[in-house]
Amino acid sequence: MSRTRIVNGKTFIHTEKSHLLYSGKSLIFSAQKTISEEGQKDGVIYGEDFEMEDLEKSSKSDLIKEAYWIDKESSNKTNLMNISSNEINFYIKLDKSTIGKTIKLTIRSLDLVFDDNISVESSFLVKKEEMFFKFNLNAENFQRGGDAIQKLYFLIEIDDEKYKYPLSKDDYLKVHVVHYIPQVMRAQNPSWEVAAKLQDRWFKGNASSEPWKNPVIFKNLLDWILKYSRVKDVYDEIITELWKTDNAIKELKKMIKQMTTDSNVNLKLPSKRGEKSYFGVYSSDIKSYQGVKQPKLNNDKRTENMPLFERFYYQSKSYEISLFEPLDDLTGALASFSFRVIGIGSITNTGNGYLVDITKIGIYIKDSFDFITDGESLGYWSIIDNNVEKLNPFNSDYYKITNNSYQKYRKDYGKGMDFNLYSDIKYLSVNYNFFAKKNEL
Numbered sequence: 046m047s048r049t050r051i052v053n054g055k056t057f058i059h060t061e062k063s064h065l066l067y068s069g070k071s072l073i074f075s076a077q078k079t080i081s082e083e084g085q086k087d088g089v090i091y092g093e094d095f096e097m098e099d100l101e102k103s104s105k106s107d108l109i110k111e112a113y114w115i116d117k118e119s120s121n122k123t124n125l126m127n128i129s130s131n132e133i134n135f136y137i138k139l140d141k142s143t144i145g146k147t148i149k150l151t152i153r154s155l156d157l158v159f160d161d162n163i164s165v166e167s168s169f170l171v172k173k174e175e176m177f178f179k180f181n182l183n184a185e186n187f188q189r190g191g192d193a194i195q196k197l198y199f200l201i202e203i204d205d206e207k208y209k210y211p212l213s214k215d216d217y218l219k220v221h222v223v224h225y226i227p228q229v230m231r232a233q234n235p236s237w238e239v240a241a242k243l244q245d246r247w248f249k250g251n252a253s254s255e256p257w258k259n260p261v262i263f264k265n266l267l268d269w270i271l272k273y274s275r276v277k278d279v280y281d282e283i284i285t286e287l288w289k290t291d292n293a294i295k296e297l298k299k300m301i302k303q304m305t306t307d308s309n310v311n312l313k314l315p316s317k318r319g320e321k322s323y324f325g326v327y328s329s330d331i332k333s334y335q336g337v338k339q340p341k342l343n344n345d346k347r348t349e350n351m352p353l354f355e356r357f358y359y360q361s362k363s364y365e366i367s368l369f370e371p372l373d374d375l376t377g378a379l380a381s382f383s384f385r386v387i388g389i390g391s392i393t394n395t396g397n398g399y400l401v402d403i404t405k406i407g408i409y410i411k412d413s414f415d416f417i418t419d420g421e422s423l424g425y426w427s428i429i430d431n432n433v434e435k436l437n438p439f440n441s442d443y444y445k446i447t448n449n450s451y452q453k454y455r456k457d458y459g460k461g462m463d464f465n466l467y468s469d470i471k472y473l474s475v476n477y478n479f480f481a482k483k484n485e486l
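In the working numbering, the protein residues as written are 46 to 486.
Rather than coming from a laboratory, the hints here were simulated on the basis of the structure.
Where hints are given, some of them may not hold.
[As the list claims (entries may be wrong)] Derived lysine to aspartate or glutamate pairs resembling DMTMM-like cross-links, with alpha carbons at most 20 Å apart:
no., residue 1, residue 2
1, Lys242, Asp402
2, Lys317, Asp402
3, Lys146, Asp205
4, Lys249, Glu132
5, Lys196, Asp457
6, Lys122, Asp457
7, Lys411, Glu485
[Unchecked claim] Label pairs and their in silico Cβ distance ranges:
no., residue 1, residue 2, range
8, Glu174, Leu125, 23 to 29 Å
9, Ser129, Glu174, 27 to 33 Å
10, Lys299, Ser328, 42 to 48 Å
11, Ser167, Leu212, 19 to 25 Å
12, Ser328, Pro438, 45 to 51 Å
13, Glu132, Tyr323, 55 to 61 Å
14, Val279, Leu212, 53 to 59 Å
15, Pro340, Leu212, 45 to 51 Å
Predicted model, so just to flag it, every value in this text is computed and none were measured.
All C-beta atoms, glycine included, are put in the ideal place defined by N, C-alpha and C.
Work out the full structure, taking the sequences as your base and the hints as a guide.
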């Protein structure tokens, strides 16, 4: 199988062995290395096979003592891009004889075919033996899509000779494309601001693939969600009927009974006829509960940290994302999620049981913001065009992003926290009552 590429009107054909065939008069690509016309026959270069990397020197130059990527903050050697910005930094120690000369630096991205996924080029006058360089690796520098992790090296040109540094591929700078996802989100029109903020929260958190340990409450989230008509239809169904169905009331009885035994609540039922007490848990204090089923783990049980109100919801309704939904801030932020309902009201002892009056209901959403499922596609992202597609656009500008892309970032940086996301609670006044036997509460 071969790949063909047009560069400056010339045709390049790349075969499985990384050899080049050429039709035309001269071959120029990547770092401006030219193969002469000698040995051409019938418009094709003949001679011994050669590898792509043979066109650029990779051996150490006597003029270059050391050259490697460094961390922005510590100036220590690194193979990871700065976590907090688009800035990348490079250190070169040169031989004294280079002072006064001009060096040309070209950043390239390692690739199986053409090392040109990233394009950054600058020239500098050597003023001293040790030099530090910084570059902002922005959207316009991404020339093509490809692997979700780009590996960068420098071509250093001195006296018309080019050298690759760092010397070892293990020291090439890893650039995880997911680093740019929040920037692409914010570049959408209208901006995907909520989706980007949730991404920021994930990137800033310490490494964790256990969302049940990391609850996050996002203020004003529910009001924002309800601006989307496709979601409000589900919400309207909840507030008109689902909160008071027979099955919902049966579950609410269980929750009230659970409130009487939970040490975080200690609800006291009225003991005498005519006495009244009040129920309802809406505290957002974080509590730990053992043996909670985890859908992401096929309902295996784990200890879960949650806002206290989550322990006592009595009705739930899922919003399932459709393949036909538009790509927008809501899709980028949440995809599928669940509405939850809590009840607030009073309990009156009737002698032979209890009259339960629901005076308020509270609605909130819960979502697991995680990258647990291996291979799950998160779309195709173009950094240079700030564009997103659900399906493969078969365009070389795009990167396929999956859950594994985020998992690899977490492994390299020790950052990236999966979390359970909760909205704040939206309260509605209602008026509904039911009878409960004493053994039901």
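Now for the hints, and whether the structure bears them out:
1. Among the hinted pairs, Lys242 with Asp402 is inconsistent with the structure: their alpha-carbon atoms are about 40 Å apart, more than 20 Å.
2. For the suggested pair Lys317 and Asp402, the alpha carbons sit about 17 Å apart, so the restraint of at most 20 Å is met.
3. About 11 Å separates the Cα atoms of Lys146 and Asp205, which keeps this hinted pair within 20 Å; it holds.
4. With a C-alpha separation of about 17 Å, the suggested pair Lys249 and Glu132 falls inside the 20 Å cut-off, and the hint holds.
5. Between Lys196 and Asp457, the direct Cα distance comes to roughly 13 Å. Compliance with the 20 Å bound is thereby established for this hinted pair.
6. Only pairs whose Cα atoms come within 20 Å are accepted, and Lys122 paired with Asp457 is accepted, the gap being roughly 15 Å.
7. A hinted pair counts as satisfied when its Cα atoms are at most 20 Å apart, and Lys411 with Glu485 does not qualify at roughly 28 Å.
8. Range check, Glu174 to Leu125: Cβ separation about 26 Å, and the 23 to 29 Å hint holds.
9. Separated by about 30 Å at the C-beta atoms, Ser129 and Glu174 satisfy the suggested range of 27 to 33 Å.
10. A hinted range of 42 to 48 Å is violated for the C-beta pair Lys299 and Ser328, which are about 19 Å apart.
11. Remark: the range hint 19 to 25 Å for Ser167 to Leu212 is upheld by a beta-carbon distance near 21 Å.
12. In this structure the hint that Ser328 and Pro438 lie 45 to 51 Å apart at CB holds, the actual value being about 47 Å.
13. A beta carbon spacing of about 56 Å between Glu132 and Tyr323 agrees with the range 55 to 61 Å that was offered as a hint.
14. In this structure, Val279 and Leu212 meet the distance hint of 53 to 59 Å, their C-beta atoms being roughly 58 Å apart.
15. With their beta carbons about 48 Å apart, Pro340 and Leu212 fall inside the hinted range of 45 to 51 Å.
Checked against the numbered hints above, the structure breaks hints 1, 7 and 10 and satisfies the rest.
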